[in-house]
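Engineer: Here is how the chains run, residue by residue.
Number of protein chains: 2
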Amino acid sequence: MVTIKDIAKIAGVGVSTVSRALNGGAKVDKATFQKIIEAAKKLKYKPNYAARDLVRGNFSKKAVGVVLPVIAHPFFFEVVRGIYDALLEGDYNIMLFNTSRDREEVFSFIIREGLAGIIFVSEGLSEVEKNTLEINQYHYILIDHHQKNTMSFYIDNEFGGMTAARYLISQNCESIGYIGESIDTQQQNDRFGGFKDELKRNNREILIDERIPMDEKFSYQSTQFLVEKYPDLDGLFYFCDKLAYGGQKAVREKGKEIKIIGYDDMPSSVYLDLTTIRQPAYEIGYEGSKVLLNMFKAGYSEGQEKQYRLLPELQVRKS
Amino acid sequence: MVTIKDIAKIAGVGVSTVSRALNGGAKVDKATFQKIIEAAKKLKYKPNYAARDLVRGNFSKKAVGVVLPVIAHPFFFEVVRGIYDALLEGDYNIMLFNTSRDREEVFSFIIREGLAGIIFVSEGLSEVEKNTLEINQYHYILIDHHQKNTMSFYIDNEFGGMTAARYLISQNCESIGYIGESIDTQQQNDRFGGFKDELKRNNREILIDERIPMDEKFSYQSTQFLVEKYPDLDGLFYFCDKLAYGGQKAVREKGKEIKIIGYDDMPSSVYLDLTTIRQPAYEIGYEGSKVLLNMFKAGYSEGQEKQYRLLPELQVRKS
DNA sequence: CTGAAAGCGCTTACAG
DNA sequence: CTGAAAGCGCTTACAG
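In order, the protein sequences belong to chains A and B.
Numbering of the first sequence is given in this note's numbering, commencing with residue 721 and proceeding in unit increments.
Numbering of the second sequence is given in this note's numbering, commencing with residue 721 and proceeding in unit increments.
Mixed in with the good hints, there may be bad ones.
Chain copies aren't distinguished; within one or between two, either way the pair holds.
[Said to hold, decoys possible] Here are the simulated EDC-like pairs of lysine to aspartate or glutamate, each with C-alpha atoms no more than 16 angstroms apart in a straight line: (1) K1026 x D876; (2) K920 x E1033; (3) K764 x D954; (4) K916 x E809; (5) K1010 x D917; (6) K764 x E854.
None of these hints come from the bench; they were simulated from the model.
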């Protein structure tokens, strides 16, 4: 690695002068300055920011880590947008991380970054991870996930699932199916659980429980298939709007009278007349980040509520 | 600031032992370990990562900065998704920055981070900024923006605008309007320029040039208004699908026969039957990042092409 | 298992 | 305007 010592040698000056030149050149002779810059260029010098930060006492990073499992889904986009806005207001930058590969490695990388705090989106934390976080005095929160004894900002998926069930029941649906994603997550478990329980309370069995990849095309195809297979089917609940779009298309093309309800309420759902459960995704990102920002200043106050629960809301449209 | 020296004093041990304990406790007596951890907790010790990195020789950050003007628009979401995927494949993390506030300050913050490289999305660079980047030996690229002598990945907006004009002309539209966003950007200038020039080449004047905030509701309202004001209006080009959605709704409600074309081709546009110009947004993010990744390894090779231009594509649907 | 000492690369008073 | 020296907080051989 090239250091200012190397530059000093080549330029025939002392290291202090090199340092001054590299930092703007105040109080440095024009000719000396030129010599130094040239030497730096020739050697392809890159400053060592760790050393610079150390001596300058630059400790607080003014950056927050955001850990996401995936980014592909529009729901995450909304959440991140909320986080982004709140953090920007607090003058913090955002560092995006993904744990889908080597979670442990990413985790230790994050810790080493020396960030002001960490936001975990849609995922829980192991005991080991929580310990590491605490030993390093990290402030952190969970968003779109709830866990005991951990600062959690989440939307009540059980309630959302229940609301979806009630809607279909209110529409006199009798043969009801669910189409979800193939991965088991807390979100889906809660959502599906609330849905199924409410159906049972109303003496309805769930006719279909289909799990597919998170893609409109799969949803389109599997809805086509299910509609044929179950002629009595009259109500369909989708894990999210994205999947419901494909289903809507399939049902429309088949000319069937099947009530469809999605989950999320994405911006375009209003134009597609999709009945859905609205998730306050932006809000949860925004509010959660605000609380984190507050923890930076005030710390966690003993006894402060740790579970922040928002409720989703039924949006009735024509589907 | 609390240092390991403070802990050492309180725990009655040497600093090396503290260091060892804090780094996992290998070769440290159980009792000593406990004493140290307790002292650290009591003092609320936070490690100084700059110092740690310095001594460990942790220089390369394995993180890339992504500078965005805004994040709200779905187009950026697609671009960022492409960046995210490519960077993840290369095992780099992402740091998101926003320059909307104090650009200069953010800029120097980014430099100081010691990132592996920087991606600027939808914005150009001043000469001063380019100099700073070069002095610090930074690898960087522009995405969705083109600038001479700068590694640029962009989609040809002029071509896209021209294509939109040709489409409306092919549909025999005579009275044509444009509804764009109120901010002047390179993207809009190119897009609108290409559109207007092509109309002129076909002896058509542009009837309406309306600029509004980036919001479906504004688009809905102003389309309602314009449709009334210009009874002959038969063709409308929108800066983006997002705006076109609102326009589509207004035109449909008014029962008019007006051809509508958007720009972007967002996922839901297919379900809304919107004719549009498809932007390879994901691709531009992905491909651009791949080239950056390559520069990390190979550096910039003299004579390498600096302008990467992708072409948008007409998607004809029913609107 | 433990501690004193050297050193990571840089900046900044200080004396010249 | 310039350079030698001290020191930022930490880790890691080294000797005990």
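Engineer: With 16 angstroms as the alpha-carbon cut-off, assign the pair K916 and E809 to within, between, both or neither.
Structural biologist: neither (41 angstroms within a copy, 39 angstroms between copies)
Engineer: Is the C-alpha distance from K1010 to D917 at most 16 angstroms within one copy, between copies, in both cases, or in neither?
Structural biologist: neither (34 angstroms within a copy, 48 angstroms between copies)
Engineer: 16 angstroms Cα cut-off: does K764 pair with D954 within a copy, between copies, both or neither?
Structural biologist: Neither. Shortest intra-copy (69 angstroms) and inter-copy (60 angstroms) distances fail the 16 angstroms Cα cut-off.
Engineer: Using 16 angstroms as the alpha carbon limit, work out where K920 and E1033 are close: within a copy, between copies, both or neither.
Structural biologist: neither (21 angstroms within a copy, 50 angstroms between copies)
Engineer: Given identical chains, is K1026 near D876, meaning Cα to Cα at most 16 angstroms, within a copy, between copies, both, or neither?
Structural biologist: This pair counts as within: shortest intra-copy Cα distance 15 angstroms, inter-copy 50 angstroms.
Engineer: With identical chains treated as interchangeable, where does the CA-CA distance between K764 and E854 reach 16 angstroms or less: within a copy, between copies, both, or neither?
Structural biologist: For K764 and E854, the Cα distance is within 16 angstroms only across copies (10 angstroms; inside one copy 40 angstroms).
Taken one by one, the earlier hints fail for this structure at numbers 2, 3, 4 and 5, listed in ascending order.
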